[in-house]
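Student: Here is how the chains run, residue by residue.
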Amino acid sequence: MKTLPDLLPDAELHLPRESERTLPNGLTVIAIRRAAVPLVEVRLRIPFGRAPLAPATLLSQALFTGTSAMSSIDLAAELQAVGGSLAAGNDPDRLLITGNALADGLDRTLELLASVLTDAAYPAEEVGTERERLVDNIQVALSQPAHLARVALLKRIYGIHPYAVQTPAPEEVRGVEPAALRELHAARVRPAGAVLVLVGDIDPEQAIDTAEKVLGGWTGAGPDGTISATPALETGPLLLVDRPGSVQSSLRMALPGIPRTDPDYAALSLANFVFGGYFSSRWVENIREDKGYTYGSHSLIEHFVAGSTLLAAAEVATEVTGPSLLETLYELGRIASLPPGEEELEQARRYALGTLRLGMSTQAGLAGLASMYAGFGLRLDHLREHSAALSAATREEVAAAAAKYLAPSRAVTVVLGDAEKIEPQLSALIAVERSAE
Amino acid sequence: MAPRIKIPATKYPVERLTLGNGLRVVLSPDRSAPVVGVAVVYDVGIRSEPEGRTGFAHLFEHLMFQGSENLEKLAHFRHVQGAGGSFNGSTHLDYTDYFEVLPAGALERALFLEADRMRGPRLTEENLRNQVDVVKEEIRVNVLNRPYGGFPWLKLPPVMFETFANAHDGYGSFEDLESATVEDAQGFFDRYYACGNAVLSVAGDFDVAEATAMIERHFGDVPARPAPTLPDFAEPGLDGERRESYTDRIAPLPAVAAGYRVPDPISDFAAYLPFAVLAEVLTDGDASRLVERLVQRDRTATNLGGYLGFMGDEYQVRNPTALLLQAHMPPGGDAGKVLQTIDEELDRLATDGLKPGELARTQARMATRLLHDTDAVLGRALPMAVLELQRGRPGLLNDLPKLINEVGEEQIVAAAATLRPEHRASVEVIPGASA
Chain A
51 MKTLPDLLPD
61 AELHLPRESE
71 RTLPNGLTVI
81 AIRRAAVPLV
91 EVRLRIPFGR
101 APLAPATLLS
111 QALFTGTSAM
121 SSIDLAAELQ
131 AVGGSLAAGN
141 DPDRLLITGN
151 ALADGLDRTL
161 ELLASVLTDA
171 AYPAEEVGTE
181 RERLVDNIQV
191 ALSQPAHLAR
201 VALLKRIYGI
211 HPYAVQTPAP
221 EEVRGVEPAA
231 LRELHAARVR
241 PAGAVLVLVG
251 DIDPEQAIDT
261 AEKVLGGWTG
271 AGPDGTISAT
281 PALETGPLLL
291 VDRPGSVQSS
301 LRMALPGIPR
311 TDPDYAALSL
321 ANFVFGGYFS
331 SRWVENIRED
341 KGYTYGSHSL
351 IEHFVAGSTL
361 LAAAEVATEV
371 TGPSLLETLY
381 ELGRIASLPP
391 GEEELEQARR
401 YALGTLRLGM
411 STQAGLAGLA
421 SMYAGFGLRL
431 DHLREHSAAL
441 SAATREEVAA
451 AAAKYLAPSR
461 AVTVVLGDAE
471 KIEPQLSALI
481 AVERSAE
Chain B
7 MAPRIKIPAT
17 KYPVERLTLG
27 NGLRVVLSPD
37 RSAPVVGVAV
47 VYDVGIRSEP
57 EGRTGFAHLF
67 EHLMFQGSEN
77 LEKLAHFRHV
87 QGAGGSFNGS
97 THLDYTDYFE
107 VLPAGALERA
117 LFLEADRMRG
127 PRLTEENLRN
137 QVDVVKEEIR
147 VNVLNRPYGG
157 FPWLKLPPVM
167 FETFANAHDG
177 YGSFEDLESA
187 TVEDAQGFFD
197 RYYACGNAVL
207 SVAGDFDVAE
217 ATAMIERHFG
227 DVPARPAPTL
237 PDFAEPGLDG
247 ERRESYTDRI
257 APLPAVAAGY
267 RVPDPISDFA
277 AYLPFAVLAE
287 VLTDGDASRL
297 VERLVQRDRT
307 ATNLGGYLGF
317 MGDEYQVRNP
327 TALLLQAHMP
337 PGGDAGKVLQ
347 TIDEELDRLA
357 TDGLKPGELA
367 RTQARMATRL
377 LHDTDAVLGR
387 ALPMAVLELQ
397 RGRPGLLNDL
407 PKLINEVGEE
417 QIVAAAATLR
427 PEHRASVEVI
437 PGASA
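Just so you know, the protein sequences line up as chains A and B, in that order. Counting from 51, one number per residue, gives the positions in the first sequence under my numbering. Counting from 7, one number per residue, gives the positions in the second sequence under my numbering.
Derived by calculation from the structure, the hints in this document are not laboratory data. For clarity, every value in this text was computed on a predicted model and none was experimentally measured. Yeah, the Cβ is synthetic: ideal placement off N, Cα and C, and Gly gets one too. Warning: the hint list may mix true and false statements.
From chain A, some residues computed to sit far from chain B (all C-beta separations above 10 Å) [said to hold, decoys possible]: (1) 219; (2) 236; (3) 312; (4) 315; (5) 373; (6) 459; (7) 478.
Partial chain A-side listing against chain B, Cβ under 7 Å, derived [stated by the list, open to error]: (8) 58; (9) 119; (10) 155; (11) 335; (12) 336; (13) 401.
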């Protein structure tokens, strides 16, 4: 019998230095040096709360279709020439521009970014192309079970709150004219409250100077985009969404979540890992490695500015949809009723601490983390506080958080699948209501 | 046009050694972040599956996680994640990989875990039946229950190739998966999972002498077993255009993929590399030839991609392989028309050559992607392991940006000229669901 080697203790958490400056136009620039490869990662978050959904989504897709001086092809070619690429996406809180380039191309990349921010033209022809592409992409999304299940769950948990619908309907997109994009851009693509993150083989102060020089001419404030707090979860019957012919069922649950700065957050994170938040969790070991009901299940805490939710998801075989729900309720009940085992908790704790370190070990990981935190008003030093809280959380605290947030009685459940086949299985366990759509 | 930007390269150190039992080892230290990546790659993949056992290489990959000589079922996962790390494995046409990324202090633990399953996984009836169920769910998630499932990597090879090795479904049929036995698994392990048929690679924060001692300690006593003779999977190229189609009952919109055979990636790398650059000239970004024409101008496609190797592993694949182009189309889209336009654009490229700056900017973007990937420890450990396995040249990873930058216009033009419709296999997705 061979014995497992011990782990060497982790070195102290080393956080890279963040240089930061808020420019006169209201844009905050954060720059971090990580010089492992001669690249620079770029993330720009612009507050976009309450932006109208269809125009906002098309704007993110059409942002790089041209300026008064450059066509979409000019822009793409000029970026490519410095090894660069930029793309935009949106969520209910933000417009997010993401990209990277060779480090020597940082100035040029920022110039091209600035030209788009201050002078995007939304040419009718190109917008028309992007509009059709977006409609087609939404059509494809609507044929994907994971997307449909999320759509149903968001609607169920958010009701009339702005987060309830996060993908526009194809017909709404079809009605968006270039003028609406120009109007939205003029009103909302503004530096006030935006955060630009640059990470890579750069001199941070010099990079900020460059950003100040190049982006200084981007000016203006956006309107108040504050979104009211998300409503508390309202439990009720399981919502069953019919997808005839499905060979699997998509099981989704929402449970109460809390923001990263909540005093319970580290304990809830650990409880979530033990329940279903990583591969070595009870849920995965039960429904995959013991019973073979699924290829994978996962739970996580999803954060938006106006509220956080704990989400659990699994795609399970049609014939064992009921048994899969049974095991899921059992595991939620178990974590909510009994404290986790000591070794089990230590394992989850080490995983939580380790993945934080892994996440910041690349330029892209670091840029993503810094930008995501900044979107919630936090900085990388929050990693130190969060690590300390993860290290300190006791079994009792984790058990208390699980009882408070993971109890099955607090879950909102949506299942998408072949309703004829799965409704009898599900209604043997729980009250079921068919989706009206 | 801006002055041509200098293409940088990486200089990751590469140390190679071979243990007494024949296990090849590649080490690439880098102290810039306190993490390590560990990869073990076996020289067996989908192409080596016996007839009647489609999907077996992948199913076996699952079994390698189900316990081993000193480890119970579930222990592997718990030990990696309980050390703060992540893990996975994947099955390719020509190899199967297993890997972890962990905080640096967990290196020895990862080596122990990999060595233990190299000595022998626990191949039990119970684990086999459990993982057959899991793999069936994997196929449902990735292929059967989603639109465009398996397109084009499972759909194009049977049109392009003749032999079972190259043409069959690498995920496997449920029938073949269900009839797999523990004896099959033991035979597969004995034949292909020999330490002489594997490469161990470690990248990241470690000391070479210490890591070498740990590797000796854990892998040194794995019994020596030689690699089986590698079969030749070569088959003749196409002598006429082949076109097929199938209905995807869930897909709302049409799509098409085309494949063209390319030179041997290993024995004729110099001739192969221009095709990798050509694929990017054709499809990387809005300024690329085919995106500009098909997506921006003609609007006959909504999304377009081009790459080498059916699994996108262009520098980790053996002969025969292909340059693939794939397009998703708007409602009522015409695959024939898309293919015809591709022919026109390839003709134009072969006749008129490249535009000023077109090649340089494509090369700059390719360099960025390579550098981005190597920034992650596994982005070094994994490709270095496969490059050692297939070429004995792990350092090729550092050389790629430079080699790509040296590809000249005339090579791109010559490569484009070979992509003739009569050498093309294509498969069209007919939407079975209304949009």
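Student: Hints first: check each against the structure and report whether it holds.
Tutor: Each hint, compared with the structure:
1. 219: Its Cβ never comes within 10 Å of chain B, the nearest being 13 Å, so this holds.
2. 236: At about 24 Å from chain B, residue 236 (chain A) clears the 10 Å cut-off, so the statement holds.
3. 312: 24 Å, holds
4. 315: 19 Å, holds
5. 373: Non-interface label stands for residue 373 (chain A): nearest chain B Cβ at 13 Å, farther than 10 Å.
6. 459: 29 Å, holds
7. 478: Residue 478 (chain A) clear of chain B: closest Cβ-Cβ about 22 Å, beyond 10 Å.
8. 58: Holds - the Cβ of residue 58 (chain A) comes within 7 Å of chain B, reaching about 3 Å at its closest.
9. 119: Violated - the Cβ of residue 119 (chain A) stays beyond 7 Å from chain B, reaching only about 15 Å at its closest.
10. 155: Status holds, d = 6 Å.
11. 335: With Cβ-Cβ at 6 Å, under 7 Å, it holds.
12. 336: Hint on residue 336 (chain A): violated, closest Cβ of chain B at ~11 Å, above 7 Å.
13. 401: 5 Å, holds
Going through the hint list in order, the structure does not satisfy hints 9 and 12.
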